[in-house]
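J.: Here is how the chains run, residue by residue.
2 protein chains.
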Amino acid sequence: MAAARRMVVIGGDAAGMSAASRARRLSKRGELEILAFERGHFTSYSACGIPYWAGGLVSGPDDLVARTPEAHRGRGIDVRLRSEVTEIDVAGQRVRVRELDASGGAERWHGFDDLVIATGARPRRPDMPGIDAPGVHGVQTLDDGRALLETLEGRTVERAVVVGAGYIGVEMAEALTRRGCRVTVLERGEQPMATLDPDMGRLVREAMTGLGIDTVTGAEVAEVLTGEDGRVRGVATKVSEYPAELVVLGLGVIPETGLAREAGLPLGESGGLLTDLAMRVRGHANIWAGGDCVEVLDLVSGRPRHIPLGTHANKQGQVIGTNIGGGYATFPGVVGTAVSKVCDLEIARTGLLEAQAEEVGLRFHAVTAESTSRAGYYPDARPMTVKVLAERRTGRLLGAQIVGREGAGKRVDIAAVALTAGMTVEQVASLDLGYAPPFSPVWDPVQVAARKAAAVVREAADR
Amino acid sequence: MAAARRMVVIGGDAAGMSAASRARRLSKRGELEILAFERGHFTSYSACGIPYWAGGLVSGPDDLVARTPEAHRGRGIDVRLRSEVTEIDVAGQRVRVRELDASGGAERWHGFDDLVIATGARPRRPDMPGIDAPGVHGVQTLDDGRALLETLEGRTVERAVVVGAGYIGVEMAEALTRRGCRVTVLERGEQPMATLDPDMGRLVREAMTGLGIDTVTGAEVAEVLTGEDGRVRGVATKVSEYPAELVVLGLGVIPETGLAREAGLPLGESGGLLTDLAMRVRGHANIWAGGDCVEVLDLVSGRPRHIPLGTHANKQGQVIGTNIGGGYATFPGVVGTAVSKVCDLEIARTGLLEAQAEEVGLRFHAVTAESTSRAGYYPDARPMTVKVLAERRTGRLLGAQIVGREGAGKRVDIAAVALTAGMTVEQVASLDLGYAPPFSPVWDPVQVAARKAAAVVREAADR
Chain F
1 MAAARRMVVI GGDAAGMSAA SRARRLSKRG ELEILAFERG HFTSYSACGI PYWAGGLVSG
61 PDDLVARTPE AHRGRGIDVR LRSEVTEIDV AGQRVRVREL DASGGAERWH GFDDLVIATG
121 ARPRRPDMPG IDAPGVHGVQ TLDDGRALLE TLEGRTVERA VVVGAGYIGV EMAEALTRRG
181 CRVTVLERGE QPMATLDPDM GRLVREAMTG LGIDTVTGAE VAEVLTGEDG RVRGVATKVS
241 EYPAELVVLG LGVIPETGLA REAGLPLGES GGLLTDLAMR VRGHANIWAG GDCVEVLDLV
301 SGRPRHIPLG THANKQGQVI GTNIGGGYAT FPGVVGTAVS KVCDLEIART GLLEAQAEEV
361 GLRFHAVTAE STSRAGYYPD ARPMTVKVLA ERRTGRLLGA QIVGREGAGK RVDIAAVALT
421 AGMTVEQVAS LDLGYAPPFS PVWDPVQVAA RKAAAVVREA ADR
Chain Y
1 MAAARRMVVI GGDAAGMSAA SRARRLSKRG ELEILAFERG HFTSYSACGI PYWAGGLVSG
61 PDDLVARTPE AHRGRGIDVR LRSEVTEIDV AGQRVRVREL DASGGAERWH GFDDLVIATG
121 ARPRRPDMPG IDAPGVHGVQ TLDDGRALLE TLEGRTVERA VVVGAGYIGV EMAEALTRRG
181 CRVTVLERGE QPMATLDPDM GRLVREAMTG LGIDTVTGAE VAEVLTGEDG RVRGVATKVS
241 EYPAELVVLG LGVIPETGLA REAGLPLGES GGLLTDLAMR VRGHANIWAG GDCVEVLDLV
301 SGRPRHIPLG THANKQGQVI GTNIGGGYAT FPGVVGTAVS KVCDLEIART GLLEAQAEEV
361 GLRFHAVTAE STSRAGYYPD ARPMTVKVLA ERRTGRLLGA QIVGREGAGK RVDIAAVALT
421 AGMTVEQVAS LDLGYAPPFS PVWDPVQVAA RKAAAVVREA ADR
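Residue numbers (full-length UniProt numbering), protein chains in the order written: chain F, 1 to 463; chain Y, 1 to 463.
Since the hints were derived computationally from the structure, they do not count as laboratory data.
Keep in mind that a hint or two might mislead.
Pulled a few chain Y residues facing chain F out of the computed Cβ check, cut under 7 Å [what the hints assert, rightly or not]:
1. D63
2. Y377
3. G409
4. V412
5. A421
6. F439
Glycine residues also receive a C-beta, built at the ideal position from the N, C-alpha and C atoms.
Kindly produce the complete structure, drawing on both the sequences and the hints.
T.: Now the structure itself:
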């Protein structure tokens with residue numbers, strides 16, 4: 001009998017373990033051996049769930065684990081926890097692994113036939129005094145989450161500062177508010193949610209203030225202040241100090257691709273790995289990559305972007321596993337869809353922002369429309385603002401942003417599908433969407449905006 | 001100065017008044033005179049809101065009126081209430097109008113340059129003993145709604161029978177349950193919601209039973225029973241009697257096209273008017289029709305269908321008004337999307353049912369998948385069943401049906417847009433949809449079903 005091929009996976013979360021599971025399902029055990037190295041304590045977990053664990057809505061970490069190492073092992077995937085890959089030897093088709101809990105930090109080489117790089121991303125940690133003090137937390141891994149919970153449960157946290165008002169920042173602001181902390185969010189930019197245009201970000205800021213979350217913009221953090229015990233006692237910008245017993249970093253993440261870089265694998269501008277449509281690392285027939293460590297093709301701008309999201313990681317992992325398992329699948333790209341919430345405020349976007357459209361040479365009309373989540377007369381109809389970008393002349397939808405309350409966020413899917421299909425705003429306005437008074441006004445809010453944009457496009461064409 | 005052209009509208013609800021409003025906006029008053037005849041007491045109202053008025057969620061009828069006759073008049077539309085058009089003289093370009101409240105029922109002819117037929121639909125009223133007894137109600141117009149409310153408020157209604165378990169039937173079942181009535185729904189078919197496949201209808205039936213709504217299927221109503229006072233005292237099928245002080249007819253509607261038929265205008269199989277894409281009645285340059293009295297093109301089957309829905313009526317009215325006003329617009333067709341709810345049960349569909357697909361010669365795989373409205377670990381994640389039909393060989397999405405709780409219904413829009421774009425289930429599974437734990441599992445439920453269907457399509461192709 002021929003020796004089994006060996007698939008080695010670096011990183012035991014969404015992309016890596018989806019790839020492993022899918023390949024396992026497609027291949028006999030005698031034909032494919034699967035070895036996965038994870039430097040933390042957990043596999044296949046939802047990092048996106050950490051804010052809800054922190055907020056007490058979810059009991060972690062177990063509830064956030066979709067599949068334990070034991071479950072993976074039971075299905076024929078050899079998962080090694082606390083095992084950090086320290087080198088990829090591309091030519092030699094092997095990886096060097098350090099067992100973190102072994103005395104002396106023993107290292108060993110493991111050969112591979114196929115390698116999957118799913119090393120994820122790491123939180124940006126600005127280089128400043130105090131950044132490593134106890135009480136400063138990232139929220140990227142379950143291990144991070146556990147450390148955060150220890151801080152929250154181990155001492156009284158009356159005041160918390162969240163640095164950065166992106167998705168993680170606002171979700172953590174909700175979580176800490178829910179725990180009774182007084183929360184200040186410090187954002188360097190002009191408005192929270194730099195993933196939105198500033199006019200839409202302003203709506204988020206107003207709503208956050210209304211929710212009792214102190215939101216300071218134009219605030220560049222210069223130092224984490226520590227007390228005599230070495231613990232965090234606050235944060236300082238150039239102009240002000242914000243006392244806090246807890247600091248959460250929500251500055252976004254960068255691809256964790258140090259290993260790949262050292263191995264000479266191709267990286268994009270963001271530092272993410274470059275792959276082909278089958279999720280093969282470019283130029284390498286048997287090295288694959290997926291999840292937060294890769295760049296994805298943005299179908300609207302035609303540019304590669306780094307968009308770390310669990311939903312992409314899962315899909316990419318499945319594509320990799322299918323291909324390694326002898327099937328055929330591709331990951332066609334993304335349109336930049338994201339949705340989030342702060343308390344009852346829902347925030348969503350898809351496609352391009354104004355600045356992103358300009359950057360790639362697109363000219364457009366930007367139109368904003370107010371509407372409601374249900375028929376205006378129906379109880380609990382909530383206001384909603386939808387902004388759409390439509391290309392000049394062609395009227396092609398380029399992007400949509402939504403800020404509203406209950407029922408606002410997932411409406412972005414209408415625009416996401418329409419963007420993928422290359423529809424014009426006029427086509428969007430004509431779509432046959434679900435209507436009944438408890439669900440929508442007779443024109444869905446996305447269509448209200450699209451219709452308004454179509455009129456602007458038409459008017460400009462008539463001139 | 002040349003005399004103004006005259007636009008005459010028959011029917012003062014969604015399609016007719018949208019057409020009038022849009023044409024008004026595009027035309028100067030001296031150039032276009034707009035005359036609208038409505039036989040009832042209201043204009044521009046939401047008939048879809050009647051169940052919520054009946055259920056006490058909305059205070060009617062005023063809240064259901066989007067624009068009053070006075071408001072229309074203030075904007076230069078001459079609306080005549082209680083004015084019934086009794087004849088269309090196509091060759092003479094005129095309509096005969098009876099003023100219902102005038103003594104002697106005076107009739108007058110009014111000439112038109114453009115005519116808009118927006119006569120709507122009327123509830124099916126089976127021809128059976130007792131059908132016209134006091135206490136038997138349709139719920140098609142605000143006048144119907146007012147009569148129903150008078151019954152509900154004028155006497156004690158402990159038991160109510162709803163005949164027909166389609167959208168109106170189930171919505172009225174919720175409304176009457178909410179008012180404290182014991183409700184029995186009698187449905188002739190095998191399952192409630194004939195707009196779903198029977199396997200999905202069964203889920204609705206089980207849920208309705210769980211909600212305390214007695215749902216009897218295979219029940220053909222033979223007679224409305226009346227008491228000595230002539231009022232309703234129940235309903236009889238061939239095998240059983242159901243006592244009730246109120247009977248609501250939810251048997252669907254048929255196009256109200258008697259006038260059009262007498263005028264020799266072209267009607268389809270359903271009795272709905274046939275139009276072109278600009279909503280012109282076929283073969284007539286200056287006669288237009290929209291709303292519940294027309295057939296629409298079903299883009300999935302390629303067949304005309306009668307789909308009475310306020311959302312289509314509004315869009316079609318806008319298209320007509322744009323064209324009469326000198327602009328250009330078309331109504332491209334529908335994909336058969338509908339959403340409804342019974343208490344907290346949400347029901348949605350788009351595209352073709354199994355029987356509809358078979359009828360037009362399509363062969364397909366039908367796949368059903370269970371999922372949840374939010375990440376499984378997130379509070380209030382509710383179960384949801386999604387069924388999709390995918391064409392054999394091509395994998396093209398042909399239809400989707402959803403039954404679930406909060407968060408289920410509007411997800412049908414994902415499938416509706418994908419259907420319009422002609423996407424395959426594999427493409428649907430790859431879509432970049434909004435993901436965050438409070439909004440969705442990492443694979444949206446529609447994608448879970450699409451992915452499963454894609455696997456079935458692939459497997460069949462491999463054989």
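J.: None of the hints should be skipped; say for each whether it holds.
T.: Hints versus structure:
Hint status for Y/D63: holds, given a least beta-carbon distance of 4 Å to chain F, under 7 Å. Residue-level restraint check for Y/Y377 holds (minimum Cβ-Cβ distance to chain F is 4 Å; threshold 7 Å). For Y/G409, the suggested interface contact is upheld, since its CB lies about 6 Å from the closest CB of chain F, less than 7 Å. For Y/V412, the interface hint holds, since its Cβ comes within 7 Å of a Cβ in chain F; the closest pair sits about 5 Å apart.
Taking 7 Å as the C-beta cut-off, the interface hint given for Y/A421 holds, the closest approach to chain F being about 3 Å. With a cut of 7 Å, the hint placing Y/F439 at the interface with chain F holds, because the nearest CB-to-CB distance is about 5 Å.
In summary, this structure violates none of the numbered hints.
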